[in-house]
Every structure is written in structure tokens, then in C-alpha cells.
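Student: If you want the building blocks of each chain, they are given just below.
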Amino acid sequence: MERSFSKEVQQLRLGQGETFHGEGILAVTKALLQSGVSYVGGYQGAPISHLMDVLVDAEDLLSELGVHLETSTSEAAAAAMLGASINYPIRGAVTWKSTVGTNVASDALSNLASAGVTGGALMILGEDYGEGSSILQERTHAFATKSQMWLLDPRPDLETIVRMVEKGFELSEHSNTPVMLELRIRACHVHGAFATSDNKAGEYNRNRRLEEPVHDFGRITLPPSTYAQEKHKIEVRMPEAIKFVREHQLNDHFDGDIKDVGIICQGGLYNATLRALVQAGLAETSGDSRIPILALNVTYPLVPDEISNFCAGKSAILMVEEGQPDYLEEAVNVILRKADLQTKVIGKGPLPMAGEYTAEVVLRGLSEFLVQTSPKGLDLAAATAPIQELDQHKAKAAELLGDVLPARPPTFCTGCPERPLFSAIRILEKELGPTHVSCDIGCHTFSTLPPFNLGNTVLGYGLGLSSAAAVAPNFNKRVISIMGDGGFWHNGVTNGIGSALFNKADGVLMVIKNGYTSATGWQYLPSTLREREGRTTGASIEGVIKSMGANWLRNVPNYKVGSVMKTLREAMTGKGKGLRVIVADSECQLAKDRRIKPEIAARLKNGQRDVRTRFGIDEDTCTGDRACIRLSGCPSLTIKANPDPLRSDPVTTILDSCVGCGLCGEVAHAAVLCPSFYKVDIVRNPNLWDRFKDGLHRRFLGDMTRVRV
Amino acid sequence: MVEVTEDTDTKPIGLLIAAMGGEGGGVLRQWLVDAATAHGLAVQSTSIPGVAQRTGATTYYLEMQSDKGTAVAGSNTKPRPVMSLYPLAGNVDIMVASELIEAGRAMQNGFVTPNCTTLIASTHRVFAVSERTAMADGRFDGTRVVTAADSLAERAVLFDMEAMAHEHGSVINSVLLGAIAGTHRLPIPIEGFEAAIRDTGRSVEANLAAFRAGFAAVERGDLKALVPDSELKRPWRGDPPMVEQLQHRVRDEFPGPARTVLREGVNRLFEYQNLAYAERYLQRLMRIERAELEAEGHGELVRDVGQYLALWMSYEDVMRVAQAKLDPKRQARIRAEVGAKPGEPVRIREYLKPGLDEATALMPGWIARPVLAAADKAGWRERLNFGMTITSTAFWGHSLLRILSLLRFARPMGHRYQTEQKYIDEWIGHIAKAATLDLQLATEIAGCQRLLKGYGQTYQHGWQSFSQIMDVLVIPALNGDTAPGDAAVSIAGAREAALADPEGKALEAAIAPVTPVTPVAGKDLAAE
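Line by line, the protein sequences are chains A and B. As numbered in our numbering, residues 1 to 709 make up the first sequence, in order. As numbered in our numbering, residues 1001 to 1528 make up the second sequence, in order.
Don't read these hints as lab results, they were simulated from the structure. Hints should not be assumed to be uniformly reliable.
[Unchecked claim] Counterexamples of contact, computed for chain A against chain B with all Cβ distances above 10 Å: (1) Asn199; (2) Tyr204; (3) Thr285; (4) Leu378; (5) Gly402; (6) Thr448; (7) Lys477; (8) Val493; (9) Ile545; (10) Glu587; (11) Ala627; (12) Phe677.
[Unchecked claim] Quick list of in silico lysine to aspartate or glutamate cross-link-like pairs, EDC-like style, CA-CA up to 16 Å: (13) B:Lys1341 / A:Glu570; (14) A:Lys477 / A:Glu570; (15) A:Lys640 / B:Asp1141; (16) A:Lys640 / B:Glu1231; (17) A:Lys679 / B:Asp1141; (18) B:Lys1233 / A:Asp620; (19) A:Lys396 / B:Glu1154; (20) B:Lys1341 / A:Asp340.
By construction, the Cβ of each residue, glycine as well, lies at the ideal position given by its N, Cα and C atoms.
Given only the sequences and the hints, what does the whole structure look like? Please build it.
Tutor: Right under this line is the structure:
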């Protein structure tokens, strides 16, 4: 990370009777320390990256408490860390972005869940679902039920989140089962407050180490232990967990005066549900609701008698459960059937099967539920008026705005070193024709969006090359696969390159090496060149690829579009079969910016010479065909009103946010575009030679530089 | 002088911020949280940063409520209110948008309602990819957003906050905070916000200045929503003394509505070539003027043709580019654009890549034609070019540009000049003839000049589109094979289609129903 979290680290040191102010995910971090964890691990990804990032900066605190921190190279590696809690009374937690990370971790998780745990084992999962999500839309719930791991979905306020982390460890130890705690994006980023308690050191930790290994074949996932473990899950662990949830009242029950209906919601959706009720005039923001609510902070396992007690005497309940399939709705139906209760369960239908449950979506579902059930003692017209007004209002807005507003998809940052690679592929396409491009996960996935629209599949992190394995032999051109350095270390080196070389694959692989896992916030990689503390790990991508036996390996500087094209052309058209690996090597621009900006500021302050470079476009010669923008998409390369009184279409222009990466000029050359681009070097704190040269030129050149500087 | 319009004891104030990555939205959120906390408000905020860092759209949502009796957990007073993580239409008291289209999006999503919403939005534009890649003008009409804001918001505060931030060497988030404070919708005094800015400890002076400017602008209330394109135009060129006689002709022989444009055209073409060339411009327009007069027009056609003809006759070639790069005002313009301070030398390097087209432009036709034909046959036309970067602020680069610029005196002898003039005359002929049939038809034909833009392949492609429209739609209309009114409509449609995509797919689709088209690749400058 090229960013410091020292301020946040201070919050982690708060003790008994103090108040924490901050983000949800940081509150979780604090709760882990209050619970006495001995190890924390994980793989970064929105929205849980901060949990790890902050701890990386908290080395002193971790040493005091004896906590081991591991920045794992994949979720599988992180999940396997929980193995420490199988035999030993050690508490630990790992974190990643779900469900993609849980997919990667599944192998270790299934084995872990079968073996069971002695020390509390907690997974903090960023449930990246709904608006703002960057991944496919699935639920963690399925993983919990298939492996019998308990799933917590706390109400999104810091007190409840912290309480559930602490109770989660107890639940895990009490029932010998690993526990998942899922937090939606907004809950991870919610800023609030809670009363802290002192941090605790674990019973055993890196300052107070274990002395004897424990061998218990019952904890090994080999038959016949596995048969016993499955029975143990059903006969002991599940009943103990249900008992614990009931006795410790982990779920929240809010009563109300309207008795013939009720609402059961996932804990994480409680605030949205309450806000919908407030809007319908059925609740106060203090939490008082006229309709009774059962908020499930534990969504697996359910407590059958808690559900049936809540539903008894009610004609219908609304089940507010986000996502699909409707696991909870089905489970509640089964519980009621077994209890022989006739309460109707209404959920999917009035509420949508797919998509995020925003306050508006819940309000719409609630209104429909009320219409269907017309509960006694409730003014139906008043309660459903808000959603009708909202619809009318939106229709009016649409009419006034007319056209559809232009969308704003994410794109590569200004100066991003990945952009030139896709410019090169696009320009080369004109010469060689289009080919299949197998994409990977990372910032480079933005190549699939306008203006590049490049890429045919995205199959998973580090799987760019693997997912071309069966396309390549069936395609009449060499296929291009993309892989970032993040994906390379995550698993691309084995699943992709190892497999391709072993199977003598023919194709082109472009490894984009920018030095960080940039898309998740510039975390360091094994091949990161510099760390703030000056350490380097020394792992080399090129070295690894060579040692695996790849013969065709080239290293290109990204910004030189001409040489990228030349190398790519050679890879695409060269004779002989085999894997051709191009390592595109340029540091992430944002990380670089963060690193060098203070250096430049210091240089300028000390009166030292510095040259700032940026590009520009001549508005007189730009005819506005936008070929340059279509081949770049740089946010700094944009349009403005045409200053020429005879022209009306806008001209292309470059904003002051330009970092002078040079791509515009390179593309103008490589694609033979137009003579409007110019590069400006501004010499700050010029030395005598600069001034002499400048003066000489101005004297010679007369009117062109008649400007006084 | 805090006026709270809502009862914040029982109902939280909802504040939604729509921003884009890199605008400091997270810092703005932090300022608001800090200021509210310091003033004893219970506050909650959340965000969906996601991939916003990469210029995508994002939102931040805050709720705050008066803290009478509420407190954080652990104390024995009333529990904290349950606050929403989602904005809900009808509950958004302050809607902040850092850009005009984001304000439109907020309205589209229903978050701006007349019962409670104060809309605070910057009116500058950050163009979306679809707007930036459009070949002609793909910009969303911002006036629609302004009209909608006036109608949908309880109060709309709209002005260019980006420009104000730039003026104070700050980022837009501080102006937005100033505007929020200036509306007095939050029960926080101005000092509270200033303290929050100070606590951040970074760029404090610049941020405070921008904050105060935003605050004052809202208090004063003299806010300007949008600047129309027409106010961003360069002034018309002054008349060089030598063209005085031609300017007299413009005044005496041409109708009122056309005179301003024609005067600019004359000056521009005099600068581009010489007096005779400017005179030729007026001669060509005389034909149109007579035709329009016969058709009982009022000068609009001459004005439009005058505009397009001036642009066509000053077509971009090496000499014109060199001339533009040597413009005495250019260096001052660039210095201002890049923010070079006095005393800081700048070095300007031009990216040029002349090719075969540029080289043959100055050769006589009898040499150029076979050369280009041979190059086309061998597929070299687009590949024969050499890239160079010329430092125009240094002696040699400057001198080279000067020589290239002086070559314009040889321009009329060259192949390109002669072909361009031939096509221009043909086009003028079409317009003049069309004017006798239907003035609208003539106007639409004139407008096709807009397709001739760019350099190299883009230019070739524009030519193809232009020729296709002339062959398939214009000629039949002039021959009386199609009704002039219908033809005018289809020409306008085809022209827009030609500008819809760079591959010409939309154009093919647009003119396909008329007649099957054979590719007209040969009908470019080289083939003549």
C-alpha cells in the first residue's frame, strides 16, 4: 500500500469506556482484537480490504497482542489458515470478498467444516451484492448450508456488528463450527460509533506459544473420521448452535400493536425495512414499529421455535430476504408446516427475486404485502400512498429530462499503463483482424467496456489463460489471453501458465505487471518492487515463467504503443507453436502518483529543477472526429465547446488532470491520426542553462514566441 | 443565523452526495460527519466506493439527527435512532451532485422532491464516454437538467463549482461544502464546517477559501446555471486592410443574415491563401445567392453555404497545420492552458506523421495520380508515413514549420488543391440546382460538408460517406427521380447516420433501402 492508516490504527487502541467513531469494517477489526484473536488473514477485495490494510499498518499493536497477520496470496490460502483452530484453542479470523472469494476458499472450507474447530474460527465476508458490486451476483448462504457453517447477518449498526463478532467466536467454540459473518457493502462502509472495551491477547499467541502438537485422527478428513464428522455436525454441533442462538438471544424481536401480521427480515436488512415502515407511517426512527419484526442476525441455523412462536396467531408474515434462491422463505415455510401453523409466508412476489433490497424496493414490497393482507387497524390508503407518489414523481422526472442520461461506466484512470495495451490491440486489429480475447479479473477487465469493447470472456481471477485453453485449438487465429500480476500470483501461474506449458498450448499471454493488486487498493504482491519500509520480496514474474519452461518471453514498456504493437504482431504471426508470453511492465499510475507527488512537492519547495509534462490539442487543427478518444478513453482526453465561430461540433481537448503519460501522442503516431497533439514540458525552477536556452530560442524565433515569460 | 426547516428531533435529515471518483467525495463526507459530530448530532454515513476511483459514478449517503437525549451506546439515555443506509425518495433533504448529469441522474432516481429537497449541483460537465466518442456532437442537453431541477426541487442551487474550486486552487468538494453550509439546511454554523476543514490538516487555506466562496455565492444568490456554447466562441477575425474591397462586396451584394459569416469567410481564406482565393469564395457564393433569391429565400441558405464553404476551402493540409502551429497567439494560449507561471520556460513538441497523401498534395496531378494509384494497389497508402516530433519552440523545429507554412504559395499548383476545387464546384452546382427545386434540399446538401473532417483514414472515410450520399440520394433528387422534400429528409438522416459510427454501418443501413450500393472506394481524391 502506498497509503498510510496511522489515524485508523489509533482507533484500534481504544479501551474500556471509550467511544469508537469510524467505518463498519474497522469496527470489525477492533472487535477481533477485543475477542482475543491470535491470527488474522485474508485476501483483499472491496468491501473488506480495509480490515487487512489497517492491520498491515498496526504492526506495533499486533506485536503487543501477539497477533499474527498474514496477507495471503489467495482466499484458499487464507481459509486454510483457519486450520490452526482445529486442534488448538486459538481464535482466528480471515476475510475476503464473497462469493468469488468463498468459491476460491471452498476446498479448505469444506474440510475445515467437516473437521470442526476447537478455537473460535470466524470468516468476515464482504457480501458484494447489489448496486456498486463488481462481481457476479450470488449468495454466501448456499456455502453455509452445504457445509454446515453458521452464518451471521448482523443489523447494520456498529454495536450489533461488534456484538455479533464477539458472540460469533463464542458460538464457534460452543458448537465446534466455523462461523461466517457477512457484511454488505454499505454496512462495511457505514460510519457510526460504539462503546469499546479493552483488547485481549489470545490464550496462545506468537508471544505465548503452544508447546505440544495435538494429534486427533477424529479431526482428519479421511474415512472413517469423515462419517463420524458428518454425524457430529447433525447430532451435536447443530443442536448446540441452535441452543446458543436461542439462549443468547442473538436474533432481535421487536413487538408492535398490529397483531395479525409480522415481518421477518435478515438482520442486515433491518434498517431498510424499518425505513420503509417509517415512510408508510407505521414506525418511528426510534425503532418503535406498529408491525412486529423479527430481525435474524443469525440466518443459519434458524431457531425453529423462535420462528413458530413469532408466527403463531398471525395470518401472514412478510419475509424480507435479499437475493435468490429464497433459502430463508423455504426454511420458514418448512418450520411452519412442521409446527402445523397456517400463517402465510409472503416474500418473493411482492419483493423481487433478484437484485438489491434498497429502501425503495422494500417499501414497494411492503405496500404490496399490505394490499394483499389488509391487516386490521391499519389505514391502507395512507400506508400505500408514498409508493404511488414516488412512481408519479419519477414519471414526471423522466418526462422533464427526456432522453436517457449518458451512463458513466468505470474506466482506466488517467495515465493508466494498461490503456496503451488495449489501444495497441485495437490498432493492430485493423491489420490482423479481430481475434478472441480471454480476459481476467483486475482493472484490465475495464477493457470490455467502451471505448475499447475488447474481451470475450471473464471466467475468474487468474483464469484468463486457462479459459482460453479450449478456445485456442478451435480458433483460426492465435488467441490473446490477459492476466494481471495479481491474478498471476493468485493462481494464474499454476492454473494458467503451468497448464498451458504442460499441454503445449499455442497462444499469446499478456501479463500486465503494474506492481500492485491495484483494483482492490494497491496492496503489495510478491513481485512488488518497493515497499514503504524499503523491503522487497524479490519474487520475479519473468523468473518464474522462465523457470517453468516458457521459451518465448518478451518484456515491453506499456506506453510505447509502437513497440507493444511490434511485439504483439510478432507473437501473433510468428512461426512455430507454443505459448508466447508478453510481460507488459509499467507501474500503476495512481500508486506512482501517490509515491512521487510528495517528492516533487519537496523538490519544488527546495528550489530544485523539475519538469512537468502534459499534452495538449490544437483547437484550430482538430476536426473533431474523436478517433483519438475511441482508441484511448482517457478521462483527461475529452471535448469542449468549439471556439471557432464557424463550427458547431465540439473540439477535442486535454484537461489539466493530464499526467503526461504520452499515450495520445503514441496513438496519434501509431494509428496515423492527426497533427493536433502536442507535448509541453514546463520547466519549474529552471537553471541557468534552461534560461539561457530559452532566451536564445526566443530571440531567434521572433514573433512566434513574442510572449514574455 | 441557523434556520432549521425540519424538526430534527424526531426525523433524521437525509443528505445524498452523487460524485465521481477523484473528486474528494470521501473527504466531503468526512467533513460533514466531523462537523455534525462536533455539534452533538447523531450521524451515520455510508458509501459505495467500489470502482469509483476509476472515474465511475458513486454516491455517499448521510443521515443526521438532533441529539436531544440520544447518545452513543454505553450511556443510559435513549437509544440512537435507527438510520437508513439507503436514501429514499421523499426523504432526501439535501441532494448534492458534483456534476450536472449526476444531478439529472439523482432526479431520474426520484431523489429530488418538491416537499423537501434542496438540490445543490455544479453545472460543469464531465463528459461521459458515449458523449466523448460521438463523431459529431453527442453531448446531453444540459438545459433539460436545469429545467427539471427548477421544477422538481424545493430549492435548486446551481452554479459552476468546478470553476470556482479551480479559481481558489482547491478541489470541488470544498465548494460543495460551502454551498451546503450556505443553504442553512443543516443545524451546523459556518464555524463548525470551517473547523472540520482545519482538522483535516491538508491544503487548509485553499480549501477554506473555496469553501467561503461557495458559501458566499449561495448567500448572495446571483448564480448562473449554464454558459451556452455561443459565449465560448472566439471573436470574429479583424479585417486585414487588403480585403476592404471584398468586404464592401459582402455588404453590398449579399443579404443581411449572411454578412457576418461571409465576412469571416473572406478574412479566413485571405489568411489561408490570398486575395484571389477569397474572391473566388464570394464568386461561388454569388451563384447560391442568385439561386436563393429566385427561390424567394431570405439569405439563410447563403449564410449556411458560406459557413461550410469557408471551412471546405480552408481544408487541412500540411501548410495549414504549420501555419496554425506558428500562430503568434498560440504559445500564450498554451502557456495559460498548462498553467505555466511567468519565468518557467516551456518546450512544445508537435506530433506529426505525414504520409503519402501529404507528400502528393503538392505534386502536379499527372505525377500524383499514378503514384497514389500504385500505392493503393500495393496497399501502401496508409502505411507509407513517417512519425516525427518537432520541437516548435526550438530553432530547427520552428524553421521547418516556417518552410512548410511558406509552401502554401505553391499550393494551387498541387494535385490536392485542384481536386478539392473540382469537388467544391460540383457541390456548389448541386446546391444551386437544388435551390431551384426546394430550399430545404439545398440546405441539407450544403450540410454534408460536415462529413469531411479528420486526416488520413478518417478523412478517406468521410469522403466515402459524402460521395455515397451524393450518388445515392442527391443526384436522383436533382434529376427529379425522387421528390425534393423526401430527399431532403433522407439526406439529413443519412448525414446523421454517417456520423453515428466510424465504420459506416449506420449509413449503410440508412441508405440501403433506397438502392443497393456498390462500394465507392475508388471515388476519392486519388482516382481523379
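Student: Decide, hint by hint, whether the structure agrees.
Tutor: Each hint tested on the structure:
no., hint, in the structure
1, Asn199, "17 Å, holds"
2, Tyr204, "31 Å, holds"
3, Thr285, "4 Å, violated"
4, Leu378, "20 Å, holds"
5, Gly402, "5 Å, violated"
6, Thr448, "13 Å, holds"
7, Lys477, "20 Å, holds"
8, Val493, "26 Å, holds"
9, Ile545, "28 Å, holds"
10, Glu587, "16 Å, holds"
11, Ala627, "5 Å, violated"
12, Phe677, "4 Å, violated"
13, B:Lys1341 / A:Glu570, "46 Å, violated"
14, A:Lys477 / A:Glu570, "13 Å, holds"
15, A:Lys640 / B:Asp1141, "14 Å, holds"
16, A:Lys640 / B:Glu1231, "13 Å, holds"
17, A:Lys679 / B:Asp1141, "32 Å, violated"
18, B:Lys1233 / A:Asp620, "13 Å, holds"
19, A:Lys396 / B:Glu1154, "15 Å, holds"
20, B:Lys1341 / A:Asp340, "82 Å, violated"
The earlier numbered hints that this structure contradicts are 3, 5, 11, 12, 13, 17 and 20.
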